[in-house]
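Add chain B to chain A, keeping to what the hints say.
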Amino acid sequence: MYQYDAIDQQLVEERVAQFRDQTRRYLNQELSEQEFLPLRLQNGLYVQRYAPMLRIAIPYGMLSSTQLRKLADISCRYDRSYGHFSTRQNLQLNWPKIEDVPDILAELAEVQMHATQTSGNCIRNTTTDQYAGVISDEVVDPRPYCELIRQWSTFHPEFAFLPRKFKIAVNATESADRAAVQVHDIGLQIRKNDAGEIGFKVMVGGGLGRTPMVGVTISEFIPRVDLLTYLDAIIRVYNQQGRRDNKYKARIKILVKALGIEEFRSRVEAEWQHLRGKESTVPMSEFERLQGFFSEPNYETLENNPASLTNKLADSAGFARWFERNTFEHKKAGYRIVTLTLKKAGQAPGDATAEQMQRAADLADQFSFSELRVSHEQNLVLADVRQDQLVELWEAAKEAGFATPTLGLLTDMICCPGGDFCALANAKSIPIAAQIQETFNDLDYLYDLGNIDLNISGCMNACGHHHVGNIGILGVDKKGEEFYQISIGGASGHDASIGKILGPSFAQEEISSVIQKLMNVYVENRSEEERFIDTYRRVGITPFKEAAYAKAN
Amino acid sequence: MPKLIKNGEIINNNYNWLQDAEQAATPDSIVAAQKWLSEKESIGKVAGIWLEAGDGVEFLQDVDLSQFDVIGVNFPAFTDGRGFSYARLLRERLNYQGEIRALGNFIPDQLGYLLRVGFNSFQFNEEVDLEKALDLHKPFSIAYQGDVSDPRPLFLRR
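Chains as they are written, first to last, in numbering that gives the first Met the number 0: chain A, 0 to 552; chain B, 0 to 157.
Just chain B, with the same shape it has in the complex:
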């Protein structure tokens, strides 16, 4: 079973990221959020949903997100930073407490920023040495800005 990083540990991946919209969902699936919203009755119980870059999070504001164990955010390219705002809004605006998983083409060198905006699990597309990736998860011991783990900017802590 493929591995991933979650909460700072390397663990087995128990979910199935459904990228193919035609594929039938099962209770361990992470389903495209737009698809889930329009077909939720027929889809039934799933592990979670995933956001495509461009989706935004606004269309989820009336959805009870606590029903999901996981919300994935896809990075079509690691230079596409929309997902950084999505994760932060999921945490801070929609108050989602479950797992937020980075999916797709992000790279280990982004882990520090990804963690700060609310991601807590990382499923890499490419072959990545997860042990080495873990070493990169905290490049800085302190930050100027507030973030998801501590909303206070440094000027409130200095």
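Just chain A, same shape as in the assembly:
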């Protein structure tokens, strides 16, 4: 993974000094609440319902075991010994003290980490596929490009006070889109043109929140050397022309929609003509430098399906189940990608205790070249596990609570922290997740239902991505009471779509039974091999709606 040189290190240290001074002035009342607000947000610090929340950046989800141990250690000494992995592949601490944050940042800097631009109206942490670099069907490894974007966006002098937050995601496979690039302000799909040059299909104006939209293509191919000038052109147009009068209409998607993609594209192209070929054009030497950080680890020459694996698959249904759900094909023979799920019943989705973080770091050291990834579905990934060590890893993962074999199933939910923590939330989301986990605890049934994305957000801001869940649950406030609106038909992959609302919202205690009714409709209507989303697309919303609102007889 990327390693800081003296310059990167100096920058994070100067950032710590800057934020230490800002915090000191705020606590001395030299800096007003209103002035401190965007400054602290650009350092990931929120003031939440009960306490501040610090969001620590995990650039494109890559973590070393050393970094994860540091996070565990920080959570013990400055917080309540746990953290929450977010859908932007970051880690949130829910109970730090404001006056401790400069010290936390200083400790993070020791392991090449920071909280820069994890919030605020600026360019946020760039995300990508959690399987980047280890799958066979990607065009190229997207991580060097993510790092290029990270550096370009860090302390960008022109774009620190945009109309609204700005999120970029990169995907490099044609067969899947695990980074949900179509629901980002800018989505980048890496491809090669006919001449074999690497570049990007650029999508713009996707996003969730109050007005969910799927991004539209602004360019079919931008050569990689031009990536930064093209991004500068898009964001310069947005910075000047995006709406600033209403925060709910300030995302780039509203500008793109208002102008139409043709007009927006022509404005970007006009701007780009001035920038293209200038100094920010990326030289090949920089691509080579960055690619050098993501070279392959020292893989052994191994065979697929060693006897120790196939024997165990035959002997142990539990292991076979875990292998089928929670591991994924690796590009190298004899290796496998393993997801350590953070979706155990009784634990909020995405939460990990300090002990679990330490344990995951140990497992990374023992089984996966001391590196991990965070997925946007809020799980951890060990990307390079030898197949002949899978049984051993499975045993260890079970013990640590990482082996719930439900990856991609109904209970592998995406869930925001919701009203238990967040000041913005209209309703709690964690108890809904808990209710669903308790109700749908029969693994055979879950397997039979197959792949279903269920996403929960506690409010319109859609941190839990409810719009793009096959089933989406949104917390709403009805005269001071918490209710939940259910939508179906959303998807976040290459076939991204926004879910449709079923109808009037439900009380908290009704949620599981409604989900059960939706599942019944699916099971009754599905044809063989049809996923929930496919059945929905074929039969439409009506049968689901009728079942959900049918009066009990």
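Treat the hints as calculated values from the structure; they're not laboratory data.
Do not rely on the hints blindly, as some may be mistaken.
[To be verified] Derived CB-CB ranges, DEER-like:
1) B/Asn-94 with A/Asp-361: 41 to 47 Å
2) A/Lys-330 with B/Asn-104: 52 to 58 Å
3) B/Gly-97 with A/Pro-282: 29 to 35 Å
[Said to hold, decoys possible] No farther apart than 27 Å at their CA atoms in a straight line, the calculated lysine-lysine pairs in the DSSO-like style are these:
4) B/Lys-5 with B/Lys-44
5) B/Lys-137 with A/Lys-277
6) A/Lys-544 with A/Lys-516
7) A/Lys-191 with A/Lys-331
8) A/Lys-499 with A/Lys-256
9) B/Lys-137 with A/Lys-164
Just so you know, even glycine gets a beta-carbon here, dropped at the ideal spot from N, CA and C.
For chain B alone, coordinates are given in the frame of chain A:
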């Protein structure tokens, strides 16, 4: 006379920022750019013009900007970042070499970014301790991106 920061020093402010469109311009005035453009014959000699957020810079592309000693950019709120692009475009696109002055509600903690996009003078709205503000003008000793003072990104200097 009110003070301001220019080129890293605290100096007297010799110009008069005309925010009231009705007020008559004098040779030391900084006049609203749109107003100047439509009434330049009657306005006569001024120190410079100022841009309101929303103006953009395109409407100035046929104007000889070298006639102005100063171009101001107003920040209606410090969170309104349009002025960052305006200053950069004045320097890089319209090749303006004179003083670019930040006006309005920007805050001292933004000085680092403001300098990098081409501002070189700062006239604060509120009571600001200028000595303390000067301490904040360079939070970082190096930058990843190119900027107005050095257009080369770090990858060309690394």
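Results of checking the hints against the structure:
1. B/Asn-94 with A/Asp-361: 41 to 47 Å: violated (59 Å)
2. A/Lys-330 with B/Asn-104: 52 to 58 Å: Given range 52 to 58 Å: holds, Cβ gap about 53 Å.
3. B/Gly-97 with A/Pro-282: 29 to 35 Å: Roughly 33 Å apart at Cβ, these two residues keep to the hinted range, so it holds.
4. B/Lys-5 with B/Lys-44: holds (23 Å)
5. B/Lys-137 with A/Lys-277: holds (26 Å)
6. A/Lys-544 with A/Lys-516: Holds, because 10 Å separates the two Cα atoms, which is no more than 27 Å.
7. A/Lys-191 with A/Lys-331: Holds, because 23 Å separates the two Cα atoms, which is no more than 27 Å.
8. A/Lys-499 with A/Lys-256: holds (20 Å)
9. B/Lys-137 with A/Lys-164: holds (25 Å)
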